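A.B. asks: Next come the chains, spelled out residue by residue.
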Amino acid sequence: MTETTHKREKDLIRYFIIIYWSLFWLLNVVDKIIGGAHLFFVGRDRFAQVERFFDSIGLENPIYANIALVITASLEIFALVFFLGALYHLITKNDGANRSWFLVGICFTLATFTFFSIGDQVFGDHFELLEHGLFWFIALLSWVVYTSIDRIPFPSQVSITTKQRNVFLAVTILLATVTSASIFYHNHTSFIQRTQAVAVEQVTEDTYKIEFPFLAGSKAFENSLEKFLGENPTLQIDNIYTAPKPLRLGKSDGLIIYIQVTAKK
Amino acid sequence: MKERKLFQYFILTHWLFFAGTTLLDKLIPDVYPLWVGADFYTLFVKLFASLGMTNPILATAALSAVSIVEAASFVCFLLSLTLLIKSKKKSAEQWFSRGILLSLVLFSFFSIGDQVFGDRFTLLEHGIFWCILLVSWLVFLYFGNTDNHKIGLAPPRVLRTTIIAGIVLTVITSISLFQFSSNTWHTKNTSVAGVKISDSMYKFDFPFLGDKYTLENTLKNFKEDHPELRVNYIYTGPSELNTKKKTHMLLYIFTEKVKQ
Numbered sequence: 001m002t003e004t005t006h007k008r009e010k011d012l013i014r015y016f017i018i019i020y021w022s023l024f025w026l027l028n029v030v031d032k033i034i035g036g037a038h039l040f041f042v043g044r045d046r047f048a049q050v051e052r053f054f055d056s057i058g059l060e061n062p063i064y065a066n067i068a069l070v071i072t073a074s075l076e077i078f079a080l081v082f083f084l085g086a087l088y089h090l091i092t093k094n095d096g097a098n099r100s101w102f103l104v105g106i107c108f109t110l111a112t113f114t115f116f117s118i119g120d121q122v123f124g125d126h127f128e129l130l131e132h133g134l135f136w137f138i139a140l141l142s143w144v145v146y147t148s149i150d151r152i153p154f155p156s157q158v159s160i161t162t163k164q165r166n167v168f169l170a171v172t173i174l175l176a177t178v179t180s181a182s183i184f185y186h187n188h189t190s191f192i193q194r195t196q197a198v199a200v201e202q203v204t205e206d207t208y209k210i211e212f213p214f215l216a217g218s219k220a221f222e223n224s225l226e227k228f229l230g231e232n233p234t235l236q237i238d239n240i241y242t243a244p245k246p247l248r249l250g251k252s253d254g255l256i257i258y259i260q261v262t263a264k265k
Numbered sequence: 001m002k003e004r005k006l007f008q009y010f011i012l013t014h015w016l017f018f019a020g021t022t023l024l025d026k027l028i029p030d031v032y033p034l035w036v037g038a039d040f041y042t043l044f045v046k047l048f049a050s051l052g053m054t055n056p057i058l059a060t061a062a063l064s065a066v067s068i069v070e071a072a073s074f075v076c077f078l079l080s081l082t083l084l085i086k087s088k089k090k091s092a093e094q095w096f097s098r099g100i101l102l103s104l105v106l107f108s109f110f111s112i113g114d115q116v117f118g119d120r121f122t123l124l125e126h127g128i129f130w131c132i133l134l135v136s137w138l139v140f141l142y143f144g145n146t147d148n149h150k151i152g153l154a155p156p157r158v159l160r161t162t163i164i165a166g167i168v169l170t171v172i173t174s175i176s177l178f179q180f181s182s183n184t185w186h187t188k189n190t191s192v193a194g195v196k197i198s199d200s201m202y203k204f205d206f207p208f209l210g211d212k213y214t215l216e217n218t219l220k221n222f223k224e225d226h227p228e229l230r231v232n233y234i235y236t237g238p239s240e241l242n243t244k245k246k247t248h249m250l251l252y253i254f255t256e257k258v259k260q
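If you're matching them up, the sequences are chains A and B in order.
So the first sequence is residues 1 to 265, counted in this note's numbering.
So the second sequence is residues 1 to 260, counted in this note's numbering.
Treat the hints as calculated values from the structure; they're not laboratory data.
Fair warning: this is a prediction, and the values are worked out from it, not measured in the lab.
Every residue, glycine too, gets a C-beta built ideally from N, C-alpha and C.
Accuracy of the hints is not assured; some may be wrong.
[What the hints assert, rightly or not] Listed below are the simulated BS3-like cross-link pairs for lysine-lysine, each with C-alpha atoms no more than 25 Å apart in a straight line: (1) A:Lys219 x B:Lys245; (2) B:Lys150 x A:Lys7; (3) A:Lys10 x B:Lys2; (4) A:Lys264 x B:Lys223; (5) A:Lys265 x B:Lys245; (6) B:Lys257 x B:Lys203.
[Unchecked claim] Footprint (simulated), chain A over chain B, 3 or more residues, beta carbon under 8 Å: (7) 35–43; (8) 53–67; (9) 128–134; (10) 164–176; (11) 217–229; (12) 233–243.
[As the list claims (entries may be wrong)] With the Cβ distance kept under 7 Å, some of the chain B side facing chain A (calculated, not the full set): (13) Tyr9; (14) Phe10; (15) Leu27; (16) Gly152; (17) Lys246; (18) Leu251; (19) Phe254.
Based on the sequences and whatever the hints tell you, model everything.
C.D. replies: Written out as structure tokens, the structure is:
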């Protein structure tokens with residue numbers, strides 16, 4: 001394979017890296033601009049999350065959360081615009097400039113995640129600390145790959161034979177057809193479970209069990225209880241116990257609830 | 001500034017703050033104004049108790065040993081940053097390596113503990129941090145050794161446009177953030193309106209800002225609106241019933257009629 005082809009492959013990896021980080025920050029910024037859950041975009045209610053964090057350290061006034069969010073947003077926006085600049089220079093084949101612009105984008109990214117990590121320690125959220133530590137690492141590694149790709153020897157490509165191509169296409173089409181048919185059939189038979197009332201099983205004289213399917217949402221829960229109360233007008237719900245995860249069978253059990261009832265007075 | 005030095009600053013700053021805040025978390029063992037942190041003392045006491053070692057001296061000694069190593073690694077990173085600022089490159093690299101080595105020892109120790117105490121999630125967490133430390137060290141010491149690439153953000157026209165675009169976007173986002181905050185702030189304390197599901201059952205869909213005070217206000221208002229009802233039971237809808245990330249918390253109230 002010629003050097004030109006390898007240059008194209010290496011540039012393709014650079015495109016993937018820049019586009020990944022551009023989209024990453026673009027969607028984060030959009031999430032902040034939109035705010036709240038809307039049609040076609042749920043995102044994350046960052047204001048609620050950050051406000052609760054500040055409230056937990058005794059700073060209830062929303063101004064603290066707002067300022068923290070503005071600082072975060074500005075770091076994210078500048079990371080985004082510099083990645084977009086790097087993309088522009090990569091498209092225009094300006095190698096030296098695209099490296100510098102990408103570098104500034106990565107620096108903003110690293111600064112953002114370091115800033116988040118400090119916050120995670122202050123607010124005591126170690127899961128988020130792990131998440132932000134990982135993203136910091138991914139950003140660092142992205143930079144290493146982006147700048148070292150020219151030094152990585154790419155293997156020479158061997159052309160695909162007609163037989164290999166046909167086998168690949170036949171097996172892929174067959175597997176895709178079978179899988180898609182199975183998915184559509186499952187949708188056809190199971191979507192009703194999302195809202196449908198579930199059968200109640202009596203466990204003891206005054207205890208009943210409901211095993212919900214995985215698809216069941218709040219409507220299924222409400223419909224099940226409504227149906228149960230309708231069928232048992234002499235009973236009233238005294239208590240509902242949600243079976244905790246250790247009592248469920250691995251991943252095969254969904255939500256299980258036990259209803260404790262008493263006779264209506 | 002050279003790329004390599006810039007990255008050394010970023011890596012060093014990250015680990016310096018990481019070690020510093022971790023150490024601070026041990027110095028401030030409880031929840032205080034401006035600091036929540038993680039309660040490592042309780043965690044250690046429970047972990048040792050699970051092994052049958054209920055005497056708190058063991059957990060205290062272990063936590064103390066951990067904090068000694070954390071303090072040492074923090075000082076190593078601090079010295080390294082000071083020396084890097086003073087352009088004493090070799091010494092800065094040596095102190096950084098010492099800091100990393102101590103942190104690696106610490107995370108190896110944590111990983112052994114995780115296996116002993118059977119905490120697989122924390123084992124994953126510590127394993128990931130161990131790996132990040134190792135790669136950080138490699139990048140700090142060896143990456144860009146042969147590169148002499150200088151940072152250049154020419155042409156100035158594109159740089160100017162980028163900075164203006166960044167500022168405009170920041171202003172738009174800030175306005176949107178402040179608007180969203182002022183539009184939703186009231187939901188923090190306002191009671192939630194219930195939806196009647198059946199004669200004796202009501203549903204409350206809590207907003208993301210909702211907390212214990214929202215619940216208390218909701219219950220007070222519900223009692224005022226329904227003096228004929230008595231709350232029998234409150235049930236928190238489990239997360240399995242939520243529409244993924246769109247729902248914060250569902251609460252169900254079961255009632256019965258008060259006898260006149």
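A.B. asks: Which numbered hints turn out to be false for this structure?
C.D. replies: 5, 8, 11, 13, 15 and 18
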